[in-house]
Every structure is written in C-alpha cells, then in structure tokens.
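S.K.: Residue-level listing of the chains:
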Amino acid sequence: MAGPSYRLPEGGWIDRSRPLAFTFNGRRLQGCAGDTLASALLAAGIAVVGRSFKLHRPRGVLAASAEEPNALVTVDRGDGPVPLARATLTPLSEGLRAESRRVFPALGFDLARIIDYTRALWPAGFYNKTFKWPSWHAYEWALRRMAGLGRLVPAPDPTRYRHVNVHCDVLVVGAGPAGLTAALAAARAGEDVLVAEQAAEPGGSLEYDPEPVEGQPPREWLAQALVELARHPNVRLVCGATVAGCYDHGVLTIHGTGDAGESWWKVRAGRVVLATGAIEQPLLFGNNDLPGIMLAGAVHRYAARYGVACGRRVIGVVNNDLGWRALLALSRAGVEVVAVIDPRPMPDRALSAAAAERGIALHVGATPLTAHGSRRVRSFDFITADGGRERVECDAIAMSGGFSPTLNLYAQAGGRLRHDPRLASFVPADCRRPVEVVGAAAGITGGAGPIAPAPVASTSQWVDYLYDVTVADVELAVREGFDSIEHLKRYTTVGMGPDQGKTSNRNALALVAALTGRDPGAVGTTTCRPPYQPVTLGAIAGDRRGDFYAPARRLPGHDWHARQGAEFEDFAGWKRPAWYGRDRDAGIAHEVGRVRQAAGLFDASPLGKIEVKGPAAAEFLDFIYLTAVSGLKPGRARYAVMLNENGVVIDDGVCARLTDDHFLVGTSAANAGRVAHWLEEWRQCEWSRRELIVAPVTEQWAVITVAGPRARAIVQALPGMIDLDAGGLAPMSQRAGRLDDGTRYRLQTISFSGEASFELSLPADRAPAVIERLAEIGAPAGLGPIGVEALLVLRLEKGHPIVGIDTDGTTNALDLGFGRIVAGRKTDFVGARSLARPADRSADRRQLVGIEFDPSAAVVAGAHFVTAGAGPRRSEGFVTSAGISPTLGKGIGLGLLEGGHRRRGELVSVFDQGRRATVRVVDRCFYDPGGARIRG
Amino acid sequence: MLRIPCPWCGVRDEVEYRFGGESHLERPAPDAADAHWADYLFNRDNPSGVHHERWCHSYGCGQWFNLARDTVTHQIIAVYRMGEPKPAAGEDG
Chain Z
26 MAGPSYRLPE GGWIDRSRPL AFTFNGRRLQ GCAGDTLASA LLAAGIAVVG RSFKLHRPRG
86 VLAASAEEPN ALVTVDRGDG PVPLARATLT PLSEGLRAES RRVFPALGFD LARIIDYTRA
146 LWPAGFYNKT FKWPSWHAYE WALRRMAGLG RLVPAPDPTR YRHVNVHCDV LVVGAGPAGL
206 TAALAAARAG EDVLVAEQAA EPGGSLEYDP EPVEGQPPRE WLAQALVELA RHPNVRLVCG
266 ATVAGCYDHG VLTIHGTGDA GESWWKVRAG RVVLATGAIE QPLLFGNNDL PGIMLAGAVH
326 RYAARYGVAC GRRVIGVVNN DLGWRALLAL SRAGVEVVAV IDPRPMPDRA LSAAAAERGI
386 ALHVGATPLT AHGSRRVRSF DFITADGGRE RVECDAIAMS GGFSPTLNLY AQAGGRLRHD
446 PRLASFVPAD CRRPVEVVGA AAGITGGAGP IAPAPVASTS QWVDYLYDVT VADVELAVRE
506 GFDSIEHLKR YTTVGMGPDQ GKTSNRNALA LVAALTGRDP GAVGTTTCRP PYQPVTLGAI
566 AGDRRGDFYA PARRLPGHDW HARQGAEFED FAGWKRPAWY GRDRDAGIAH EVGRVRQAAG
626 LFDASPLGKI EVKGPAAAEF LDFIYLTAVS GLKPGRARYA VMLNENGVVI DDGVCARLTD
686 DHFLVGTSAA NAGRVAHWLE EWRQCEWSRR ELIVAPVTEQ WAVITVAGPR ARAIVQALPG
746 MIDLDAGGLA PMSQRAGRLD DGTRYRLQTI SFSGEASFEL SLPADRAPAV IERLAEIGAP
806 AGLGPIGVEA LLVLRLEKGH PIVGIDTDGT TNALDLGFGR IVAGRKTDFV GARSLARPAD
866 RSADRRQLVG IEFDPSAAVV AGAHFVTAGA GPRRSEGFVT SAGISPTLGK GIGLGLLEGG
926 HRRRGELVSV FDQGRRATVR VVDRCFYDPG GARIRG
Chain S
33 MLRIPCPWCG VRDEVEYRFG GESHLERPAP DAADAHWADY LFNRDNPSGV HHERWCHSYG
93 CGQWFNLARD TVTHQIIAVY RMGEPKPAAG EDG
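If you're matching them up, the sequences are chains Z and S in order. When we follow our numbering, the leftmost residue of the first sequence carries the number 26, and every step to the right adds one. When we follow our numbering, the leftmost residue of the second sequence carries the number 33, and every step to the right adds one.
Treat the hints as calculated values from the structure; they're not laboratory data. The beta carbon of each residue, even a glycine, is placed where N, CA and C say it ideally should be. Treat the hints with care, since some could be wrong.
As the list claims (entries may be wrong) - Ranges between beta-carbon positions, derived for each pair:
#, chain 1, residue 1, chain 2, residue 2, range
1, S, Leu57, Z, Arg715, 13 to 21 Å
2, Z, Glu711, S, Cys93, 16 to 24 Å
3, S, Val43, Z, Leu562, 49 to 57 Å
Start from the sequences, fold in the hints, and give me the full structure.
M.R.: Structure, rendered in structure tokens:
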C-alpha cells in the first residue's frame, strides 16, 4: 500500500462513505466516489505518475483538468484498455485499473533515465540531425518502444461507439459560471440550447472558487442554475463532452465519453458561446518539472473539490494576484502554506496582508532559482529582494505563471487573436462567424505577471513537459534561425504532444519574443487545428466498422447460390459467386466446359440497368454513346460504348429499344452507379429543356443468363415463355412477357460467352423462385451454375474487352478499334471532338490486340511488352488479360500494345519480374469468330 | 463541412451532395479549334473569392443546381438553378 493518506480530514465534494478500490501499476489503492483518478492518486501520496517522453524524467500530476501533460495513463474499466487517458478527467470507478506509460522496467527505477544524465547529447532537432543514416526507419522501432506512445490491443475493441446528430440555436462550450450564465440567458429567451462540458460534471471554477456569484455562495448558485436549466425543455446539458472541432457554417464536433461508451457528435449550431475558461501556465525555474510542483489553481482545486492536500508543506511561487488568491484559499482549506515567492516588488496589498495574517512567509521582489529533489520536490532556492540566496524546505510547490485564455475553438472558427499587454495574453479580436467568447476565455484580469527564465542552467528549465523541451532548446532553435513560432514548434516539437501545448505554447512564445526582442503580439501564435483534445478513432468511425464499414450487397438468389456451393467474392460491392465447389481451378474449367457443351446459369443481377424514356430519348442516347442507337427498331438491342469528353472509353453495355421513346441502357456492374449519375448530370445540366426521364433500376431487376447450346430449349421450357423460335428471335433481340405464375420478365438475347444466350430480367423478389424452376427444368440437360471467374474465361475466348481491365484512363475509342463507328457518326456526341485531335488518331498509340502463347509460357496480366534488339529495352505496353483457354488448349490474352493494330502476326517479347516469354499478336476473337454458335 | 442550401430541400450537410466543379462552361461546337476545345476540357478558374460551381443533392432530391461560394470564407453567396445566369455581384460579391 501507499504511504499515509494526503486526504484532508474534511471538505471537498466527495462521498467519503463510498470508498472505491482501484489499482495503479498493480498497486491496490483506494479513493472515494467523486474522485478523479488524479485526485485519488494524490490522496494516496503517489507523486510519480509517469515518465517524460524523451528524457524519461519522473513526472507527477501538474494540473486538475484537460491541460494535464504528465498524468496520461492507460485506463481499463474491465472493457479493454484505453491509452493516453487524462487522469485528471477520468472519474474514479470501482475496480478501475490504471497503468502509467513509459515504465521500463519499473516506474521507480527507469533504466532509460540514463538518457537524462546524458541529455546534453539530445538537443532540439536531435532526431532530425542524428537519426538520418541510413534512414529514420532503422531507429524508429527502438525509439517508439522507448517513447511508450501506448500499445494497441490486438483483441476486438468492446467499446460501444455511437454517432449523434444535433441541431441547436446555440452551443455553449463549458459549464462553468460564464457558460451556465450564457445558457440561462439563452434558455429564458426560448432558444434551443446545448451545453457541452468536458469534465464529468458541471461547475468549472464554482467547484472550488470561494468568490460569490451574483451575491450567492458559488455552490448554491450552481445548484439553482442546474435546477432552472433542467426545467427548460429546450436545454440539454452534456458532461464528459469535449468540443473537438469548429468548422464552417456552424458545424462543431463533440467527443463524448461516459458509462455508455463513447460518442461522436455533429452539432449544427446557429451560434456558439465559448465559455472555455483560461489555463494557468507554469513558471520557468530550475527543475520546474519535479513531481510535487503543480499549478497553484490545481493545488487549490484538489483541496477544495476533492479534499486532498497535494503536500504537507506547500510553498507558492507565483507572479500574479490570482496565484495569491489560490494560495490563500488553499491555506483556508486546511493545507499548510509556508511561504510565497513573487518576483513582483509590489503585489496586491490586501492579498499580502491576508497572507501575512495567516503566518505565510512573504518573499516579494524575489528571483526564483531552482527546485531540488529526485522523485519529489524537497526544497526551493531563490534570491531575496536584498540579494541573499535562500532555501526553503517543501514537499509541494504551487506555481502560477499567469493565465492563458482557451481560444482554440475561436481560432478554428477563423477568429483572430490580439495580444493584450495588460493581461499578458492573447484575447479574442474579431470573428466573422457568430462566435461569442465569455468569462475567463475573453481575458482574465489579475492573472498577469512577468515571464522570464530563472538565472540558472537553461537546460534544467522545462517549457514543454510532454515532449521535454527546455529553455535551452528554444534558445538553440532561435540561434539557428528558427525564430518564427511555426518553425520553432516544428524544430523543437514544443506544443506538438497530445496536449497540443496547453501548458507550453505561452512560455515558448514569451521566450521567443524576449530572445528576438519582439512584442509577443508580433511573434503571434501557432495555428489551432481540430481536434482540441485527442479523439478515439473508434468514436469517429462509430458503427461503420466490421461488416458495417462497407455493407455488402447480396444477390436476390444468394441463398440458392450458397446451396450450390458458391465461393462468394466481392465484386464492385456485391457478393457474387466466383466459382462453385471446393477446388477453384477445377471448378472454373468445369463451368467453362458446361457452357460450351450444355448450358450454364449465370447470375448477372449486378449489371447496371437504366431506363431512359421520353420523346428526346433516342437523340439523347445518340449524344451520350459513341454507338448511335436511334436507328434501332423497337425490340432490338445494340452493343454500345460510352466515352468521356476526352474521348476515353468509360463504359460499355447493351442498349435496347423497348418502344419508340423507351430505352433500357445496360452498364457494367462496376459502373452502374457512376453511369446513372453521368446520364443524369447531362440530362439536368445540358438537356433540361427536353422531355426526358432517366431512372436507374439496377436493384429492381434480377438478371439470370442461361447460355450454351442447350440454353434455348431450357428457357423455352419455362411455363409461359414466348416462342423463342417464332418471329425470328435473333441475337440482340429484346422481348417482354409474363410467366404462367404472373411473373413479369424481360428477355434479351445477348451473348458475352460466345454461345447462344438468353438474359432473363425478373423482378428482384421473384428471382429466387424462377432460378429454382430453371435449375429444375435444366438439370436433365446438364444446366448448372457458373461463376464470375468462368465468365471471365469465356469472354476472353471471345476477345471481349472489359472497360477498366483491358483499358485504362488513356484508352480512346480508336484504340479499341471502333474507327469505323467513329467515322460513320454524323452528329455530335460526348468525346467526338477529342477523337479528332492528331494525338488521338496516331497509329503509334497503345491499341488493344489479342495475343497467343504457348501454355507453358509465363504470361500474366501486367507483364510488359518490350522492344526487341540489343541495348536497353523499352516498354511498349502491357498485357491486360491472360489465361489458358480450357476450350482451345492454348494461352490467350489481350493487351495494349504500341501500334498494335498494324502488328498482327508479329512475335513480341513479354517481360514480367525477370521472366521473359514470346507471344504472337493476333485478332482479338479466339473462339468462333464467325459467331455461328451465338445464333444457336 | 459546409451546410449547403438545396433550392428544393433546404439546408443540408455537405455529405449529402456531390461536387460538380466549375459551372457555366460553354461546350464548344464540334468544329471548334483544338485550343478552344482544350480550354473547355482542362482549364478551370481557381479564384481567391467568388467561385460559381455546380452541386448535385445526390442523397436528397437528386437535383443539380448552381451556387456562388467564396473560396476564402466558404460563405455561400447565392444559390440558383441550372441554366440560370450568374447572379450579379451583390453586396457580398
């Protein structure tokens, strides 16, 4: 167990009758209901709560709120560890387990502390200057381990994260006296109010500041304010809610924490009131980072709010009146304050009189020098006003270097800051958005005092606790020319830790101003960016993880495919059968054979389907497509290619004319959404005066393709099917009808496989039943399912390119061999003008060709065509698809080859990862070039 | 994140919209010179100030419309329908 308790005999807003057991680095400790982890650790006499980032110096609790740079711990409440939690904002709970970071091998004896004794070797810019050879990555692994940035847990995160969307008239940030006053005023005016408080409870300074508010004792005022706010139905007060970012148009984000998990809020606020308070700043003196040295306001807050004495012999080192007030209040709360050291010659007379009355030794006009101690402060040296050096024994130092208004959100909102020399701090100047700043955040009087380093070694005076930046580092940076505040930040890392410089930016700025002889206002501040405090990535993701990250779309016939042994893979967001059975290669070969010899059933439901209707439909589609469709008769279909304005092929599909003014546009599965948007954009933005409707119906219609020499007989056997022989139902025809059971269908004779093929579109909800019937009817004839992989082989045998696989973002219509269609077009169409540019017509472009090769040759998609001959070889393009045709027993493929169209018959070298092979350039269609089989 | 006033649905979050780039581009006739066509294809204004652009409320009514936005302040100055001319520079322009 820890040493004797530092809990005061009385006082504080804690429930002493409800003890809570917790552990810190395995030690069993006890706190009370109402404690934070930090107050419970202080009450237990724990001085060292962690090690610093670079030098591994022991560090204790510095602050009592969000600005805490040292007490960043891993907290586990039984639902998994959360790294980098601020002990000062973590409510204590029964069984909580906390671990400090950077403890190697133990907090008491840190081996890496040796770095501290050799720290002259680790100046600012050390990483940039030292870990350069051979590369930073050679050192990163070891350094990351030493630096202890927290560990990721490989197990699934059990935390519940949810997203919350809120609209309000006014968002009040901070529930201290200023925030609650603003919230009350807005509530009384009938506005919808949201109040966000980062601490676990409202109150802010009301929790400890004894000053009356509106003539009332602070705790009474707080209780009344909360009662009134609760009565207003238009007010919502949320605690444990940190406003993380302020964006354009009144959008703010809030990171919420609490018993029910974490939340991520998007708030749309009419206006914003920032009551974010001010953060007390440390003073610069020797060893100002020793455990036991804390901010005066925090020492006071721990006594008044939590009934904890941060030391038994406290001295104050302060440079402003508010620091004195905190020390007096601390003394009245029962903590022994033995001395106050203030560099100012004339502090407020009433305050010094009150301090003298309480028996506190006063040293005004003194110069602070240095603290002593190893794992806790022991004594403090200073020079008195008359020049003598003195030492005072102590076990805690309450320091105050003045206050810095918290204006991060104001700056994020585009607000400009102005330096007020009277307050020695930056205050709000103006903001074009409706953001109002109230309370201490607008500037705090009585908190200003001189800021200067002590006349002792500058390497012992810390500016940034989290990243171990000292006065010496800032001096070095300025000497080396990094005296712009943004450069200084990047060079020294000051303010770049997870605390974003809440207790370091002000002192760094003051130092640079003094070192360069500039006014602090001229030095300026660094840019404030969201988030104000670190946010759990899981909170931002919310429900969108695991299966919900990108929900898969299932085919209407999914269950039937699963029963056939389908191996599902993701294709453009759909779970589609890739092949059937256990063995991939055997399955694909079997399915290809099935289509060539009997019949295969392919689920083509993801194919994009868009209906275009209206008197202008034909003219519109002629403009959209390279392939004119206005010449189609109703009931006929045509393969059509779509270009962008640059002449590049972006999609292809089959366009069918249902009636004179009604077309069904087919797209590739991957582009279904994109093409629908493309058509709609042209329709609305360029064709808005024409009578035209574009309606995507991809999900409404399931598509089942039956292909193979026996396909016609199988489809014909569906009860209610139209006569497939009568009326000359040739390839590229379109019909519609109803099956016996009333199911509507559309039928198209489109072949991708090279066999007679019947593409049956069915209302999605009717598809499973029809698939069952088709499978039953076709089974005796050898009908079976085929997957996407088999179809890819079948289409390669026919030489059909796939846009996006066999083409890239430079492939134009001429490269695919559509020169005759281009030449035959009489009217303008998308991309037409680009195809007239000389570069688009060059015969040396990469053009799509077929290739043949020996099945034993190593030819894969992605392999480069390379020039022949001696000397350095050059790529002439690449293979886009390749495989061994089970039907033909040879290697076949497609590729984009420079000047390919004129090189038919040529032997070309292919190179891939050190392997070479030779292929022959051939016509693209390898199987049944005459198309006799398609006619069945 | 912007809050964009759709002329049909009212003010909605930016995530409901699709950005369509600069508006009021004149598509040249098929016999335009190469340079003229290249300008239409590739060159866009990039003002520090008022930008006229088109957006589609894709997760709402699906309608395209124009808006004038200040690229410095992100203030939305005007919202108007496709086909309508650029609004005259108003008090904010």
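S.K.: A separate judgement is required for each hint: does it hold in the structure or not?
M.R.: Evaluation of the provided hints:
no., hint, verdict
1, Leu57/S with Arg715/Z: 13 to 21 Å, "holds, 19 Å"
2, Glu711/Z with Cys93/S: 16 to 24 Å, "holds, 19 Å"
3, Val43/S with Leu562/Z: 49 to 57 Å, "violated, 29 Å"
Comparing the model with each earlier hint shows a violation of hint 3 alone; every other hint is respected.
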